[in-house]
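Positions 88 to 256 (my numbering) are the ones given, in order, by the sequence shown.
It is possible that part of the hints are untrue.
Each computed EDC-like pair below joins lysine to aspartate or glutamate, with the alpha-carbon atoms no more than 20 angstroms apart [as the list claims (entries may be wrong)]:
1. Lys126 to Glu183
2. Lys127 to Asp193
3. Lys126 to Asp220
Simulated from the structure, these hints should not be mistaken for laboratory data. Everything numeric in this text was worked out from a predicted model, so none of it was measured.
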Amino acid sequence: MQTENQGARGREAASERHLPDDSPGFALAERCAWHLLEKKLEDVIVLDLRGNSDVCDFFVIASGGADTQVQAAARHTHDRLAATGHHAHSIEGLNEGRWVLLDFFDVVVHVFHQRTREYFQLERLWGDAPRLDLAPEWFAAAEVAARHPDLTFTNAAAGGGGRETGNHA
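Generate coordinates for the entire structure from the input sequences, incorporating the hints supplied.
Below you can see the structure in the form of structure tokens.
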């Protein structure tokens with residue numbers, strides 16, 4: 088149970104944090120968001136839970152319009168991260184496709200069916216956490232490319248959702 092002083096310290100720490108930052112956890116959250124956007128998920132956000140939660144540092148939350156889209160996006164994100172050495176500690180809800188949770192320790196990814204997201208309202212539950220809304224255009228910025236030198240987000244600004252890897256002349 089959180090005491091009043093702990094809650095005040097958490098709120099003070101949250102007000103001092105700004106997204107984006109250079110932490111490895113944020114970089115992983117950003118990478119998760121990109122892979123969700125590749126599968127055309129909507130309302131992709133990152134919540135900074137540092138100082139508010141002992142479970143993880145960041146939530147990535149996204150929603151899709153159909154169970155199959157939720158499942159495909161969760162699998163895609165899991166597979167892309169595993170290919171770069173980030174293995175999920177646990178995966179929940181993949182067979183149902185209403186709410187899939189991918190736990191990467193510092194980052195927990197919640198992939199929701201839109202109606203399920205509206206029902207549980209995680210954003211409201213964590214309303215005091217710093218929040219960053221991400222769209223494909225976010226990944227066209229030079230500072231984002233600097234955080235992810237192994238990726239080139241060449242098609243992000245056009246909303247094409249495509250991603251090229253490696254350096255291209």
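Hints, one by one, checked against the model:
no.	hint	result
1	Lys126 to Glu183	holds (18 angstroms)
2	Lys127 to Asp193	violated (24 angstroms)
3	Lys126 to Asp220	holds (17 angstroms)
Taken one by one, the earlier hints fail for this structure only at number 2.
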